[in-house]
Amino acid sequence: MTQQATEPDSNPLAVDGWYLEGVVAPSGSMQTIPLSPLPFRIGRRNGLPLCLWSSDVSREHAEIRHDADGLWLVDLGSTNGTFLNGTRLTTAQRLNVGDGIHFGQIGFHVGHSQHQGQRELASRTMARDPTSWVSAVSVFDRLFDVGSAIPLYQPIVSLADGRLVGFEVLARSCIQGLENPKEMFLIAGRLQQAESLSRLFRTIGVRSAAEISGVPNLFLNTHPLELEASDLLPSLTELRAQAPHQPLTLEIHESAVTDPVSMNELRARLRDLDIGLAYDDFGSGHDRLMDLIEVPPDVLKFDARFVRDIQKAPPARRAVVSTLVKMVRELGVAPLAECVETLEESETCLELGFEYGQGYLYGRPGRIGDGDGQTVAARRS
Numbered sequence: 129m130t131q132q133a134t135e136p137d138s139n140p141l142a143v144d145g146w147y148l149e150g151v152v153a154p155s156g157s158m159q160t161i162p163l164s165p166l167p168f169r170i171g172r173r174n175g176l177p178l179c180l181w182s183s184d185v186s187r188e189h190a191e192i193r194h195d196a197d198g199l200w201l202v203d204l205g206s207t208n209g210t211f212l213n214g215t216r217l218t219t220a221q222r223l224n225v226g227d228g229i230h231f232g233q234i235g236f237h238v239g240h241s242q243h244q245g246q247r248e249l250a251s252r253t254m255a256r257d258p259t260s261w262v263s264a265v266s267v268f269d270r271l272f273d274v275g276s277a278i279p280l281y282q283p284i285v286s287l288a289d290g291r292l293v294g295f296e297v298l299a300r301s302c303i304q305g306l307e308n309p310k311e312m313f314l315i316a317g318r319l320q321q322a323e324s325l326s327r328l329f330r331t332i333g334v335r336s337a338a339e340i341s342g343v344p345n346l347f348l349n350t351h352p353l354e355l356e357a358s359d360l361l362p363s364l365t366e367l368r369a370q371a372p373h374q375p376l377t378l379e380i381h382e383s384a385v386t387d388p389v390s391m392n393e394l395r396a397r398l399r400d401l402d403i404g405l406a407y408d409d410f411g412s413g414h415d416r417l418m419d420l421i422e423v424p425p426d427v428l429k430f431d432a433r434f435v436r437d438i439q440k441a442p443p444a445r446r447a448v449v450s451t452l453v454k455m456v457r458e459l460g461v462a463p464l465a466e467c468v469e470t471l472e473e474s475e476t477c478l479e480l481g482f483e484y485g486q487g488y489l490y491g492r493p494g495r496i497g498d499g500d501g502q503t504v505a506a507r508r509s
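Residues 129 to 509 (my numbering) make up the sequence shown, in order.
Honestly, the hints are just simulated from the structure, not real lab data. Being a predicted model, the structure only gives us computed values, none of them experimental. All C-beta atoms in this analysis are idealised placements derived from N, C-alpha and C, irrespective of residue type, glycine included. Keep in mind that a hint or two might mislead.
As the list claims (entries may be wrong) - Quick list of simulated restraints, FRET-style, between CB atoms: (1) Val-389 to Gln-304: 42 to 50 angstroms; (2) Asp-269 to Pro-372: 25 to 33 angstroms; (3) Ser-383 to Asp-289: 28 to 36 angstroms.
Sequences are here, hints too, so could you generate the full structure?
So, in structure tokens, the structure goes:
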């Protein structure tokens with residue numbers, strides 16, 4: 129890639145609607161700056177399309193150009209550098225929606241009016257801290273460095289005896305602004321890296337679990353977009369090769385189970401890999417259950433709304449839950465109660481027919497060896 133962009137595209141639709149969003153004025157308020165006219169120059173000098181009054185910014189710091197292939201960001205020999213998603217520019221780089229740009233220490237994100245959902249999401253995120261998400265975008269790639277993403281394990285137990293039967297693999301990171309999955313996947317979605325991040329969590333979760341005694345079943349999460357991607361099964365095949373004897377179960381959110389044909393194909397391939405299937409966050413009632421049983425999983429995880437304060441629920445509500453659980457068991461599917469927090473909830477879930485339980489009562493998500501993840505049986509002894 130050279131520093132020179134080609135001649136501008138004559139089609140105005142190729143450039144209309146692009147903007148930068150960030151904090152410009154000392155007041156700290158968020159502003160949207162249309163990228164017009166192009167080329168669009170940024171610097172400290174008066175009269176530029178974007179004038180930034182900061183000693184970190186050179187008089188003529190950077191420029192955004194366009195050609196038939198899109199928008200390009202070019203550093204103009206600035207003292208403190210122009211950074212795209214955390215990497216200092218040495219050549220012109222193409223811009224995409226959601227990119228984070230820093231001119232010195234001043235950050236912006238790239239948006240387009242056609243991506244209203246992303247723009248609204250950005251606004252909600254930045255309402256908490258106008259520059260926090262820009263900083264997070266700039267360091268997102270660090271998640272893929274060894275040791276940056278930290279696997280956590282939350283116990284899954286047998287309700288009958290409190291016996292540990294597995295762990296759901298979760299994750300957090302040590303990177304400021306990307307500490308929890310919600311923040312990580314918000315940024316990953318902007319950068320079109322959600323599938324890559326999901327694969328990373330599975331990989332580090334299985335690798336680190338080699339230190340857990342007893343080889344428990346690992347419940348591995350997926351991102352809904354992965355069901356539409358072509359590399360989910362290859363990634364699982366590679367994971368199985370790395371851990372041939374590790375019991376594994378793949379979790380898919382119930383809302384992503386929309387195509388019985390493709391789900392049957394996935395189920396068959398998972399069986400070939402000796403990987404179980406679980407549907408997560410089940411909670412839409414009988415009609416949704418009928419859809420799910422066309423491709424029955426090994427485990428169906430009932431959403432927290434079925435479980436919370438179930439011991440205090442009216443008899444009619446408990447009867448409905450009991451009926452759903454019975455239907456699931458008759459299909460050969462193991463029902464699991466999520467978000468169990470009290471002993472009373474656990475005992476009532478057992479009475480209603482749930483086979484497994486997961487929640488803070490049995491153990492919070494924890495790192496290997498941190499002392500968390502006790503089972504109820506262990507706590508009672």
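These are the hints, each one checked on the structure:
no., hint, result
1, Val-389 to Gln-304: 42 to 50 angstroms, "44 angstroms, holds"
2, Asp-269 to Pro-372: 25 to 33 angstroms, "31 angstroms, holds"
3, Ser-383 to Asp-289: 28 to 36 angstroms, "33 angstroms, holds"
Checked against the numbered hints given earlier, the structure satisfies every one of them.
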